[in-house]
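Trainee: Letter by letter, the chains look like this.
Protein chains: 2
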Amino acid sequence: MRASAALTAPEGAAPEDVLAWLSRRADQGGFSVRPVPFAEADGWYFRADTGDLVHRSGGFFSVEGLHVRADSGEEEAAAEWHQPIINQPEIGVLGILAQRRGGVLRFLMQAKMEPGNRNLVQLSPTVQATRSNYTGVHGGRAVRYLEYFMGPRRGRVLADVLQSEHGSWFLRKVNRNMLVEADPAADIPEHEDFRWVTLGALGRLLRHDNAVNMDARTVLACAPVEEGADRALHDDTELLSWFTGERTRHRVRARTAPLGAIPDWVREEDRIRHEAGRYFEVVTVAVEAGTREVARWHQPLLRPCGLGVTAFLLRRFGGVPHVLVHARPEAGLMDGVELAPTVQCTPANYAHLDAPPPFLDAVLAAPPERVRYAAVHSEEGGRFLHAESRYLVVEADAATAAAPEPAGYRWVSLDQMHGLVRHTRYVNVQARTLLACFACGAVDL
Amino acid sequence: MRASAALTAPEGAAPEDVLAWLSRRADQGGFSVRPVPFAEADGWYFRADTGDLVHRSGGFFSVEGLHVRADSGEEEAAAEWHQPIINQPEIGVLGILAQRRGGVLRFLMQAKMEPGNRNLVQLSPTVQATRSNYTGVHGGRAVRYLEYFMGPRRGRVLADVLQSEHGSWFLRKVNRNMLVEADPAADIPEHEDFRWVTLGALGRLLRHDNAVNMDARTVLACAPVEEGADRALHDDTELLSWFTGERTRHRVRARTAPLGAIPDWVREEDRIRHEAGRYFEVVTVAVEAGTREVARWHQPLLRPCGLGVTAFLLRRFGGVPHVLVHARPEAGLMDGVELAPTVQCTPANYAHLDAPPPFLDAVLAAPPERVRYAAVHSEEGGRFLHAESRYLVVEADAATAAAPEPAGYRWVSLDQMHGLVRHTRYVNVQARTLLACFACGAVDL
Numbered sequence: 304m305r306a307s308a309a310l311t312a313p314e315g316a317a318p319e320d321v322l323a324w325l326s327r328r329a330d331q332g333g334f335s336v337r338p339v340p341f342a343e344a345d346g347w348y349f350r351a352d353t354g355d356l357v358h359r360s361g362g363f364f365s366v367e368g369l370h371v372r373a374d375s376g377e378e379e380a381a382a383e384w385h386q387p388i389i390n391q392p393e394i395g396v397l398g399i400l401a402q403r404r405g406g407v408l409r410f411l412m413q414a415k416m417e418p419g420n421r422n423l424v425q426l427s428p429t430v431q432a433t434r435s436n437y438t439g440v441h442g443g444r445a446v447r448y449l450e451y452f453m454g455p456r457r458g459r460v461l462a463d464v465l466q467s468e469h470g471s472w473f474l475r476k477v478n479r480n481m482l483v484e485a486d487p488a489a490d491i492p493e494h495e496d497f498r499w500v501t502l503g504a505l506g507r508l509l510r511h512d513n514a515v516n517m518d519a520r521t522v523l524a525c526a527p528v529e530e531g532a533d534r535a536l537h538d539d540t541e542l543l544s545w546f547t548g549e550r551t552r553h554r555v556r557a558r559t560a561p562l563g564a565i566p567d568w569v570r571e572e573d574r575i576r577h578e579a580g581r582y583f584e585v586v587t588v589a590v591e592a593g594t595r596e597v598a599r600w601h602q603p604l605l606r607p608c609g610l611g612v613t614a615f616l617l618r619r620f621g622g623v624p625h626v627l628v629h630a631r632p633e634a635g636l637m638d639g640v641e642l643a644p645t646v647q648c649t650p651a652n653y654a655h656l657d658a659p660p661p662f663l664d665a666v667l668a669a670p671p672e673r674v675r676y677a678a679v680h681s682e683e684g685g686r687f688l689h690a691e692s693r694y695l696v697v698e699a700d701a702a703t704a705a706a707p708e709p710a711g712y713r714w715v716s717l718d719q720m721h722g723l724v725r726h727t728r729y730v731n732v733q734a735r736t737l738l739a740c741f742a743c744g745a746v747d748l
Numbered sequence: 304m305r306a307s308a309a310l311t312a313p314e315g316a317a318p319e320d321v322l323a324w325l326s327r328r329a330d331q332g333g334f335s336v337r338p339v340p341f342a343e344a345d346g347w348y349f350r351a352d353t354g355d356l357v358h359r360s361g362g363f364f365s366v367e368g369l370h371v372r373a374d375s376g377e378e379e380a381a382a383e384w385h386q387p388i389i390n391q392p393e394i395g396v397l398g399i400l401a402q403r404r405g406g407v408l409r410f411l412m413q414a415k416m417e418p419g420n421r422n423l424v425q426l427s428p429t430v431q432a433t434r435s436n437y438t439g440v441h442g443g444r445a446v447r448y449l450e451y452f453m454g455p456r457r458g459r460v461l462a463d464v465l466q467s468e469h470g471s472w473f474l475r476k477v478n479r480n481m482l483v484e485a486d487p488a489a490d491i492p493e494h495e496d497f498r499w500v501t502l503g504a505l506g507r508l509l510r511h512d513n514a515v516n517m518d519a520r521t522v523l524a525c526a527p528v529e530e531g532a533d534r535a536l537h538d539d540t541e542l543l544s545w546f547t548g549e550r551t552r553h554r555v556r557a558r559t560a561p562l563g564a565i566p567d568w569v570r571e572e573d574r575i576r577h578e579a580g581r582y583f584e585v586v587t588v589a590v591e592a593g594t595r596e597v598a599r600w601h602q603p604l605l606r607p608c609g610l611g612v613t614a615f616l617l618r619r620f621g622g623v624p625h626v627l628v629h630a631r632p633e634a635g636l637m638d639g640v641e642l643a644p645t646v647q648c649t650p651a652n653y654a655h656l657d658a659p660p661p662f663l664d665a666v667l668a669a670p671p672e673r674v675r676y677a678a679v680h681s682e683e684g685g686r687f688l689h690a691e692s693r694y695l696v697v698e699a700d701a702a703t704a705a706a707p708e709p710a711g712y713r714w715v716s717l718d719q720m721h722g723l724v725r726h727t728r729y730v731n732v733q734a735r736t737l738l739a740c741f742a743c744g745a746v747d748l
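Protein chains in written order, with the numbering used here: chain A, 304 to 748; chain B, 304 to 748.
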C-alpha cells in the first residue's frame, strides 16, 4: 500500500473539506464536557474496601492502584513507585473499512466525539467499540458497519492484530486493530457521521494538530506496506535478539494495589493527584452529547500534567531510512517492554531531575530543516483528558548519527517496523502514531 | 537448516553412544529422588496468611492458588474453576551452542539430571539456567558455557526468543530460548557432562522415549529452517487474523488466590490433590545428586495424574505439509490462547465426561501406517514429576482431511509454524516439541 497522490473526488473527500466537516460536527453536536466532583459522578463510586474507582454496573473500566518495582540490571538503580492505573480488561475493536475505487484505496472515517479530545470531534475509525459497546451492555445503539468486521459478511482482511495501548496509564490494555477491504462493487452507504477519505488525504490530515484520533492512527500504522528488499543495518535475527535481551534485562513487576492506600497520591473532592503535582490527575467529567450512543453520562478521565514530546530520530543507512527505536519499559505493558520512539516523555516530569531523557535536547534543538514531521495529537479521548503530545520526526545530526547506539536503542528500518507491527506487542502506541504518519506519507522523507 | 544425514563422528556422537552415555551418567550420579511429607521439606513452608507453598529465601518459585473464569462466546457455557499453579516470574535462559564442523552443524548437549524426569538424566541444552542460577542466588557453581550466550564473547545468534511454558501448570512463565553458533575455528572444550551431537543424531534420539528433555526440544523448535516459497492453504494475513479472532473470542480471566482457601483441592500431609483425584498433585521430594549445582535439596514438584496425548494431524495441500493447529485457551498463558497441537489432553481427566476432546479418537485409532511419529517425552523435570505425554504425528484420514476445519482449528503449513515460532507466544510448548521433531527430521514426512 502506498500513499496515493489522489486527495479528492471521486475517491474521497478533500482534506480541507474533512476539517470543515469535523468542525461543523463539533459545533452541531451540542457537546459539553465539564469537570464534576467525584460525589456528583452518577454511577461511579469509590469502593469502600479498596478505594478503587468503579462503575456500579461492574462494567466499563476501573481506576485501581498499581505497585511497580522495576530494575534493568546491576548498573542502574532499581525503581519502585505507586500510581493509579486504568484497568479495562476487555478487548475492543478498532476497525477501518477500506474500498478500492478507480484504483485508489479509500477509507471510511467517522467524525466522533470523545470527551477527552482537544476539539472534541476528531477523525476516527469506522468502528471503535468496546466489547460492552458491541454486545450492547450499556444499552446504546447497534454499532454501524460492524458486519464488515465480524461474521460471515466481512470483507477481505488487510490487517488484524492485537495491539497494546498506553503502558503508563492502562493496565495491560489491548485492542484489536482491523483493516478490512470491502468488495469494490459493494454499495456502502455513507452515514452522516462518516466520510470516505483516501490515504493521501489522511496523510495531509495527519499534518494538522488534533484532526486524526489515536484509534485511527494505530489502525493506519498496521496497514500493509509494500516491503522492499532493502538491507537494514541489523538483520531481523539480530534485531529480534536485541529485543529479547532488552525484555529479559528489564524486570518490571507490577501488581494492582488498593487505590485508597497507595502512597504519594492524594485524593481530593474533584481529583486524585500526585503530591508533587507531577504525572497526571484522575478527574471525572459530566458529558452531554447529541450524536454519541448515549446522550448524557459521567465518567472518569486521566488528565496528564503537561504536553508530551514523542519523536523519532531518522537517518539513512545505504539510502534506506531507519528510525532510532527505544526498548522502553512501561509498568502497564504485559511484557514490560515494547519498541518506543527515540523520545517519549513529558518534559515537565523531568524538571526536578538533573538530566533530561536521552535525545530530548537533540530533538527540541533541531533546526527547522531537519524536522521532517511535526504535529500535536491527542491520545485516546475516551479515557484521557487533553492528553496531547507533540509528535516529531527529526533527521539526526551528524554527531548523533555517527555515534554508536546507546544501550536500549537501535536503528531499525521502516520496513522492519512495518513487519513487526503485524504482530502483537512489539511496537508501542506512540511509535504506532509515527508509523501511521510514515505509512500515510505525512513525513517528508 | 536441514537435518543432515551425518549421524556420527567426526562431527558428533552417534545416537546409540549418546543413549549409553545418558544411561551411564544416570548410574554414576548416585541420584535419588523420594517423596517426603511437606513438614520434612527443608526450606519450604506454607505461608500462614495465604497457605501458599514458598521457599524461605523468597526465591525459586512458589505454588499459589488460581481462580479462573473462561468463556468463549455466547454459544458455549462459561467455565470457572480453582487450581494450584506454579508462579516463577523470573525469565530463565535455555541455550544451545552450535558449531559448524566439516559443513555440518553440531550442538553441544548436556547430560542433565532433573528430579522429575523419567530416567532422571536426559539430553539438555548447553545452558539451562534460571535467573537465580546465573546470578548465583542459591550459591551453586558458575554456569558453564554461559559466556557464549551473554556478553561480548557471545557467538552468532541463530534464534533468540521468549517462549511460554505449560499454561495449565505455570502462571505466565516465559523462558528465553537461544540458539547460538560459535566460530568454526573456536576450540570449545567438551566437559564430561557435555557431548557434541548433530541435528541428524538429535532427530534419531527424538524417536526414543524420554531421551531429549523439554528444554532442549523447545530450543530446537526455534531453529531457523530454510523457508520455501510453498503456498499455504491460508495466507499469513488470514492466519494471523484467525488467531487474533480466537484470542479475542476467548476470555480467560485468571487471578491468583490464596492456595489455602481454594475450593475443590485438598491438602494432605504429603500432597495437595484434587478431591476427585483428577488433573495433578503437588508433592515435595528429597533429591540427592552428585553432579548438579547443589548436591542435596528438597523441592515441590507437580505430578500430573495420567499419561498425556499430544498429537498433530498432518496432511498435504498441493504437496505442502500442513498440521491441524488448535487455538487453545490455557489459564496460565499471558495472552490466554496460543497455537497448540490438534490434540493435547490427559484422557483420564475426560473419563467422567460424555465426550472426549475433538480428534482424540481419530488419533488413537489411526492404523500404524498413518503414524508418522510416536514417542513418549517428559515435560520440564525441574518442576514436574513424571509428566509424560505420548507425542504423535498422524496422517489425517480421508474423512478428516476433507472436512472443513471446526471452529478453533486451522491447517497451518510447517513453514508458517517455523515463521511464527520466531516470535513470542504464538506456539505453545507442546506444539514446539512436535515442531522440534519436524525440524530435526524425526518425523517420516
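For the record, the hints were derived by calculation from the structure and aren't laboratory data. Please note that a few of the clues may not be correct.
Stretch-level coverage of chain A by chain B, calculated; a stretch enters the list once three of its residues show a Cβ under 8 Å from a Cβ in chain B [unchecked claim]:
hint : region
1    : 500 to 510
2    : 538 to 545
3    : 549 to 561
Here are the in silico distance ranges between beta carbons for each label pair [unchecked claim]:
hint : chain 1 : residue 1 : chain 2 : residue 2 : range
4    : B       : VAL407    : A       : ALA701    : 52 to 60 Å
5    : A       : ALA598    : B       : ARG574    : 39 to 47 Å
6    : B       : ASP664    : A       : PRO527    : 38 to 46 Å
7    : B       : LEU656    : A       : ARG456    : 34 to 42 Å
Coverage of chain A stretches by chain B, computed from C-beta distances (three or more under 8 Å per stretch; other residues unrestricted) [as the list claims (entries may be wrong)]:
hint : region
8    : 451 to 462
9    : 659 to 671
Here the structure is a predicted model, which means the values were calculated and not measured. Think of the CB as a built atom: it goes at the ideal place given N, C-alpha and C, for glycine as much as any other residue.
Trainee: Starting from the hint list further up, note which numbers the structure goes against and sort them upward.
Mentor: 1, 4, 5 and 9
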